[in-house]
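Given these sequences and hints, build the entire structure.
Residues 645 to 808 in the numbering used here are what the sequence shown spells out, letter by letter.
Any given hint could turn out to be false.
What the hints assert, rightly or not - With beta-carbon atoms standing in for the labels, derived distance ranges:
| hint | residue 1 | residue 2 | range |
| --- | --- | --- | --- |
| 1 | 651 | 790 | 23 to 33 Å |
| 2 | 660 | 724 | 17 to 27 Å |
| 3 | 776 | 670 | 34 to 44 Å |
Simulated from the structure, these hints should not be mistaken for lab results.
Even glycine gets a Cβ: it sits at the ideal position worked out from N, Cα and C.
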Amino acid sequence: MSTEQRAVADEIIAGPRGRLEGPFLAWINSPDFARHAQRLGALCRYQSGLPTRLAELAVMVTAVHWRSNTEWNIHYRIAREAGLSESILALIRAGASPDFGDPEERLVYHFTRQLQDSGRVSDRIFNQAVERFGLRIVTNLVGLIGYYTSVAMTLNVFEIELDE
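This is the structure we're talking about:
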């Protein structure tokens, strides 16, 4: 690694991730991009204002949309620990729309699916999300979905596999 790459790698390793993995294995080729991406990722993952369960739901829907097995595999355990059921995750993985008992999960699922599938969110879903979470958190949700879209594309393009 170059000095610049090492500095970014050290910053990533010292942060909440604790290691250099996933898309950072590719992003480190552009240290400035890696630096900014890891800071944005930390905000999206750890400070979105959404409960982890809902943030991970959006990540899982995004992983399926982009057919990113690595993103799915990295976040599956996190999603389960955050409280998403195996049955919900299995239906999402299969491309089916789960019957959510939790209205927040239903809302985040439909918000994420609409945004991924059409590039837009209906006024009805948008307004429900703003009413439930507030505009700041909805803005963060859009950013989270965009960030994990970039993660999925990077993992796919660079063929980064999960290292067990």
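Return the numbers of the hints above that this structure violates; sort them in rising order. Violated hints: none at all, because every hint is consistent with the structure.
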